Amino acid sequence: MIAGLALVGLVIATAVLSFAWTPKSPTHVVIPDRFVGPGQRGYLLGSDQFGRDVLSMLMVGARNTLFVGIVAVGIAAGLGVPLGGLAALRRGSAEELVMRGSDVMLAFPALLLAILFAAVFRPGTLTAMVAIGLAFTPVFARLVRGAGLQVMAQDYVTAARTFGSSPSGIFWRHLLPNVANVLIVQATVAFALAILAEAALSYLGLGTQPPTPSWGRMLNEAQNYLSRSALLALWPGLSIALSVLGFNLLGDGLRDLLDPKLQPRESQIRGGLN
Amino acid sequence: MALTLLTRLGILLLSLAAASLLIFLVVQVLPGDPAQVVLGVNATPEALAQLRHQMGLDLPGWQRYLLWIGGVLHGDFGTSQVSGAPVAELLSQKLSVSVPLALMGVAVSVLISVPLGVIAGVRYRHLSGTMISALSLGGIAIPAFWAALLLITVFAIRLRALPAGGFVAWSDDPVAAFRSLLLPAISLGLVQGAILTRYVRSAIVDVLREDYIRTARAKGLTRWQALRRHGFRNAAIPVVTVLGLQLTSLLVGAVVVENVFYLPGLGRMLLQAIGNRDLVLIQATVMLLTGVVLVVNFLVDVSYRLLDPRIRATA
Amino acid sequence: MRLMRLAAAISAVLAVIACSGTSNPGSTPQASSRSTIVVGVTQEPTTMDVTAQATAAIAEDLRDNLYEGLVRTDPTGKIVPQLARSWELSPDGKVYTFHLVTASFHDGSAFTADDVKFSYDRAMDPKTVPANPHIDYWAPVQSVDVVDTHTVKVTLKQFSDGFLFHMGQGSAAIIPKGTHLAATSPPATNLATNPVGTGPFKFESWNRGASLTLVRNERYWGTRAPLQKVIFKYISDPNAMNNALLAGDIDVVSGVTGPEQLGSFLNNTSFKVLEGKPTGKIMVAMNNAAGPTRDIRVRQAISYAIDRKAFIDGIQQGHAVPIGSHAVPNDSEPYYVDMTGAYKQDKGRARLLLTEAGYANGLTLRTSLIPFAYARRGGEILASQLADVGIRLQPENVEFPLWLDQTFIKHNYDLTIINHVEPRDIGNYGNPKYYWGYDNPQVAQLIKQADAEQDQTKRNELYAQIERQITSDAVNAWIMSPNSLAVIKSNLHSYPQSRVAPSIYLGAAYFS
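Residue numbers (our numbering), protein chains in the order written: chain A, 1 to 274; chain B, 1001 to 1315; chain C, 2001 to 2512.
Hints in this document: simulated from the structure, not taken from any laboratory.
These figures come from a predicted structure and were not determined experimentally.
Don't take each hint at face value.
Listing some non-contacts, in silico: residues in chain C with all C-beta distances to chain B over 10 Å [claimed, not checked]:
no., residue
1, S2035
2, V2080
3, A2113
4, G2162
5, F2163
6, F2165
7, R2216
8, F2265
9, V2321
10, D2405
11, N2419
12, P2441
13, E2461
14, S2490
15, F2511
Under the rule of at most 30 Å between Cα atoms (straight-line distance), these lysine-lysine pairs were calculated in the DSBU-like manner [to be verified]:
no., chain 1, residue 1, chain 2, residue 2
16, A, K24, C, K2344
17, A, K24, C, K2347
18, C, K2153, C, K2458
Partial chain A-side listing against chain B, Cβ under 7 Å, derived [stated by the list, open to error]:
no., residue
19, D103
20, M105
21, A119
22, A199
23, A200
24, Y203
25, G205
26, L245
27, N248
Cβ coordinates follow ideal geometry from the N, Cα and C atoms, glycine included.
Start from the sequences, fold in the hints, and give me the full structure.
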């Protein structure tokens, strides 16, 4: 878990730093300086096919990576948690609706949603991440419902209801705090998946659009130039892999740290975009 | 029991109807004129108007919706507005690529994840378990197209053992068809396998914590024996659920791999249809996918209730 | 454990199948023989009817291979006889008399002047369904008349230099007079799924999304093709295309969209890289009628800000020629004049012009970019170059249908990077309704004059005037014309070196 914290911390620190300073401009095109090797002419990690500094692009790209994760997870949790809570609290038809809806969403390929969104709303980071966020919503909804059901079965909750606590009161005071630990774990996993999703979408041209630097897009463009410089693919690929690893490790560590007894079956957590 | 079955069926039909309406609406919102795309930049306004009329685009929205639904109920899925080919034919062609690909991909992922995941789960706190866990984390972080490119470089270019892409129809040469899907399936399966390994591992770990396993071990069985007798079946349930999800999501989700291997699959066709504004084709494909998902969910649901009496009781 | 054993067994079976046979199953069984060629193509046509497709995708595969016209354009852009073995033009330049060859269509019917009349009448008629996307090619035509079975007369309203050239294009192919509408919706002819022409190859099958197969026409009127079978494989991803060539699945990469990857082929003796004449005009098109680009000083500033070499090297790795106006140095546009000296990069001058125009504090310009490499990459380079003079580029990445809708039809844009691939389209500068919104009656008049001018020298001088005028008006900022690039197996011969005409003509190709 320490390793996870360290990696995630590195990403955040880089992103914050990039607002203040980058070695060179990440968007300035200098064609004569194309494919420069690392350490030459002031390009610490080398330059890309347009002569832009790879390190600067990575740093600014970190901003994009965090943005991607925050939007996707924010939407997924922001929608999923209340829905799941609703399902757990109300039961009956509300629960049925939420569960059926999430069934469909769960099996609906997230990629398809992203493609359709891009066609309707123009491709871009925000569009793509809203689509991914929506695709992850049922995961959070299910999680909260599952954990919520367990919480609702506790005696102190029954007591609170008998004494006239409002449903929203129960939600905020009892359900949410007890679900929080699982939510945090799931959030880190979802963060990692969102980063991968953006990389895949960039391959199809539906992710972050130029000239905003994005690790996913850097990786995809580097593919075309493998014969000129294999290193170009290494840096963004490594960055993606490390940040994904970092978030996953963080999630694993958090889960081991927090009370394992209140976990719903771990196998309910969905993952995987491909 | 029969009542719940009927209710479930009713819900299925309602969901299908709701989905069709939603899909229709989304497709209508797509900006851009299909007739313009077909006729290109030199089109005269008269030719455009004529084509739009022939495509039925000048009818009011609700009429077009009813026409579409009516057609589907009669088995007529319409004709592609861009190529003029019957949609049913196009869909079945692409499905003959995407379904086997998805099945093979899932098969590869199972082959990888089950043995690895079980070992990782049983040896939870040991070195081998942690190593496999770490490996699977690494596998998740690798995008499928990386794996694909690597496989192509080694097997197609260096060794010339398998094709770098393309697809030979099953009816023409089944062995060649299988071989052309092999590398793509492995690319997909590697990544899915890494993900699935984690599921299998955690399912095993959860099961190992259950009371009946403790009892079995108290009786003197080893972890392996306890699992064999009681655990695997229970661990299988969540894993199978995830497998089902992976299968349906791979039908379209394989689009990236389809591009790298230029396979004429469902994902690629959908991407092109959206690019061409082939509204009829888009509607039909998305409806098909949603329908498949809903029906599969329905069947899984029903089978759960049949298999596990506990779920039946709490229904 | 049972599971493990099962897994091992399955893996073993898979391994056996994978290693069975060393031949490459990705290609058809005859690919290893020398009489079949497999050509990798990026864009797949949406129909087999060459008179109904707007893009060049169908002409690429089928014009000159399956379909033929009275004339054709050869790889460098010259007009060459085809179904018309010779022709005369009346002194007033209004009447062409074509003498036809003796040939037959793939369905066995004889090719006669009636087929020419049928094809041209059909193309010209605005009521034709489906409409010919290039109906404007026949705008100068007054009537088409059959003189006898092998002679046809085309009467023009007045001499048109462009007419004969356009008759060499895909949509002017001669189709059998028996062509009829099939019972489909939207309407299409029977050619849409079963193309019939007079060419050296005839149609065998079309596997949508994958490939198109042609076989040799044994009864061809001209020289029999050396190759027996032609397969076009549709591969949109440039990496996949290159891999396919390296793995032996295809014999040709017909249009190199990623010149950066030529490296793997240049030093490889199994392959030849063919570089031919430049074709197409990649430019920054500007909205002359609305927005800040309405002001000529802004447009000139943009022209001065651009360094063409950066685009040529950054996008095409040097495989392109710079252009300064709407013409390309190949045989299809003999009126080409080198205008690249008009706006040599001068950032200081650009800033001055912008200040004069009132944009001393900079301005933002919306730029629509379609998903082609030259547009997206060009957008990044352009953004950087314009930023140096104080212009902020706001990129709008749109798919082609959206570009058509927003930029082309509604003129809702400031800048866009686009490649005009059609040769001899300088006439668009006479149309104020064209998406550039350029309205110069003088130029419009010159264009009409030039097309009607029979004397070659006078005509070229008129077009040169037009080029100079549109450049000085900075209607658009022309950047470069990419060289034709293809990669073929080194034992393939007589493959077209240049691709000024879109057609991938394979009637003379053979393997040694």
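Checked hints:
1. S2035: Non-interface label on S2035 of chain C holds, nearest chain B Cβ at 19 Å vs cutoff 10 Å.
2. V2080: Correct as stated: the minimum Cβ-Cβ distance to chain B is 24 Å, above 10 Å.
3. A2113: holds (27 Å)
4. G2162: Holds: least Cβ distance 14 Å, greater than 10 Å.
5. F2163: holds (16 Å)
6. F2165: holds (16 Å)
7. R2216: Non-interface label stands for R2216 of chain C: nearest chain B Cβ at 21 Å, farther than 10 Å.
8. F2265: Holds, because the least Cβ-Cβ distance between F2265 of chain C and chain B comes to about 13 Å, which exceeds 10 Å.
9. V2321: holds (25 Å)
10. D2405: violated (5 Å)
11. N2419: holds (12 Å)
12. P2441: Per Cβ check, P2441 of chain C is outside 10 Å of chain B; nearest 23 Å; holds.
13. E2461: Holds, since 28 Å exceeds 10 Å.
14. S2490: Fine: 17 Å to the nearest Cβ keeps S2490 of chain C off the interface.
15. F2511: holds (19 Å)
16. A:K24 / C:K2344: holds (27 Å)
17. A:K24 / C:K2347: holds (21 Å)
18. C:K2153 / C:K2458: With Cα atoms ~27 Å apart, K2153 of chain C and K2458 of chain C stay inside 30 Å; holds.
19. D103: holds (5 Å)
20. M105: Status violated, d = 10 Å.
21. A119: With a closest approach of 5 Å, the A119 of chain A hint holds.
22. A199: At about 5 Å, which falls below the 7 Å cut-off, the nearest Cβ of chain B leaves the hint on A199 of chain A intact, so it holds.
23. A200: holds (6 Å)
24. Y203: Hint on Y203 of chain A: holds, closest Cβ of chain B at ~5 Å, below 7 Å.
25. G205: violated (10 Å)
26. L245: Status holds, d = 6 Å.
27. N248: Because about 5 Å separates N248 of chain A from the closest Cβ in chain B, which is inside the 7 Å limit, the hint holds.
In the structure shown, a violation is registered for the earlier hints numbered 10, 20 and 25, in ascending order.
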